[in-house]
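Put together the whole structure using the sequences plus the hints.
In my numbering, the protein residues as written are 53 to 225.
Hints were generated in silico from the structure; no laboratory data involved.
The beta carbon of each residue, even a glycine, is placed where N, CA and C say it ideally should be.
Check before you lean on any hint, since a few could be wrong.
Claimed, not checked - Beta-carbon label-pair distances, calculated as ranges:
| no. | residue 1 | residue 2 | range |
| --- | --- | --- | --- |
| 1 | 135 | 161 | 17 to 27 Å |
| 2 | 211 | 132 | 14 to 24 Å |
| 3 | 200 | 76 | 12 to 22 Å |
| 4 | 114 | 186 | 42 to 52 Å |
| 5 | 96 | 172 | 30 to 40 Å |
| 6 | 114 | 199 | 16 to 26 Å |
Said to hold, decoys possible - Subject to a maximum C-alpha distance of 27 Å in a straight line, what follows is the list of computed BS3-like cross-link-like pairs (lysine-lysine):
| no. | residue 1 | residue 2 |
| --- | --- | --- |
| 7 | 222 | 77 |
| 8 | 122 | 77 |
| 9 | 159 | 170 |
| 10 | 168 | 122 |
| 11 | 170 | 145 |
| 12 | 84 | 222 |
| 13 | 222 | 195 |
| 14 | 145 | 159 |
| 15 | 195 | 77 |
| 16 | 122 | 159 |
| 17 | 84 | 145 |
| 18 | 168 | 145 |
| 19 | 122 | 161 |
| 20 | 122 | 195 |
| 21 | 168 | 195 |
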Amino acid sequence: IVEFSDFECPYCIRHHQQVYADVIKNLVDSGKAIYAYRAYIAVPSHNPAATTETYAAFCVNELMGNNFAKFFEYASLIYGNSQGNGQGLTGNKLYDLAGGIGVDTTKLKTCVDSAKYKDRLASDEALATSAGIQGTPGFVVGKISSDGTVTGEIIAGAYPYTEFETVVNKYLQ
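Structure (structure tokens):
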């Protein structure tokens, strides 16, 4: 399951608050699926907040030793606290949330301000476009090839857990 998402997208926020945990518990933790996150800011008015939040999430992953569990923990905190639609997180909330999970906030701010993940964001967005994703959240659910490419079906939007279960089970047969 490849998720293309935007931290400021209200439907992405809904997915992470209502569906994501069930997908992880029932499909990923059970070994039926692998979950990957890609950034895709499809709505320009979600910036600059969406880009800053994306950089912060990528930086947290780096600063925590490429610990994807920390990346997703932090992403969940952003989704759980963002006002959405470009409103972002107020004050130092973006950094305070990271500090709460053990991230050095001074290093995080330096990393975010450096925009070192600008090319990765652009690459994720190009990947979304080439995969046929037109909005967020968008998912490609299918089979992974040896080069890491996922070929499958697009789930376009914030669908309930049962949609993911149905498509994953289809590819497991």
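Cross-check of the supplied hints:
1. Residue 135 and residue 161 have their C-beta atoms about 21 Å apart, which keeps the hinted 17 to 27 Å range intact.
2. Checking the proposed 14 to 24 Å range against residue 211 and residue 132 shows it holds: the Cβ atoms sit about 20 Å from each other.
3. Hint check: residue 200 to residue 76, Cβ distance near 20 Å, so the stated range 12 to 22 Å holds.
4. Look at residue 114 against residue 186: about 30 Å separates their beta carbons, and that is not inside 42 to 52 Å.
5. For the pair residue 96 and residue 172, the beta carbons lie near 19 Å from each other, so the given range of 30 to 40 Å is not met.
6. Between residue 114 and residue 199 the beta carbons are some 24 Å apart, a value that agrees with the proposed interval 16 to 26 Å.
7. This hinted pair checks out: residue 222 and residue 77 have alpha carbons roughly 18 Å apart, not beyond 27 Å.
8. Taking the CA atoms of residue 122 and residue 77, the gap is near 16 Å; set against the 27 Å cutoff, the hint holds.
9. The straight-line distance between the Cα atoms of residue 159 and residue 170 is roughly 17 Å, inside the 27 Å bound, and the hint therefore holds.
10. For the proposed pair residue 168 and residue 122, the alpha carbon gap of about 19 Å is at most 27 Å, so the pair holds.
11. Restraint check for residue 170 and residue 145: satisfied, since their Cα atoms lie roughly 22 Å apart, inside the 27 Å limit.
12. For the hint pairing residue 84 with residue 222, the CA-to-CA distance comes to about 11 Å; that is within 27 Å, so the pair holds.
13. The straight-line distance between the Cα atoms of residue 222 and residue 195 is roughly 10 Å, inside the 27 Å bound, and the hint therefore holds.
14. With a CA separation close to 15 Å, the supplied pair residue 145 and residue 159 stays within the 27 Å bound.
15. Under the criterion of a C-alpha separation no larger than 27 Å, the hint pairing residue 195 with residue 77 is consistent with the structure, at around 19 Å.
16. Restraint check: the Cα-Cα separation between residue 122 and residue 159 comes to about 16 Å, which is no more than 27 Å; the hinted pair holds.
17. In summary, the hint linking residue 84 to residue 145 is not supported, as the alpha carbons are separated by about 35 Å, beyond the 27 Å threshold.
18. With a C-alpha separation of about 21 Å, the suggested pairing of residue 168 with residue 145 holds against the 27 Å cut-off.
19. Between residue 122 and residue 161 the CA atoms are separated by roughly 17 Å; this keeps the pair inside 27 Å, and the hint holds.
20. Annotation: proposed proximity of residue 122 to residue 195 holds, straight-line Cα distance about 25 Å (limit 27 Å).
21. A hinted pair counts as satisfied when its Cα atoms are at most 27 Å apart, and residue 168 with residue 195 does not qualify at roughly 31 Å.
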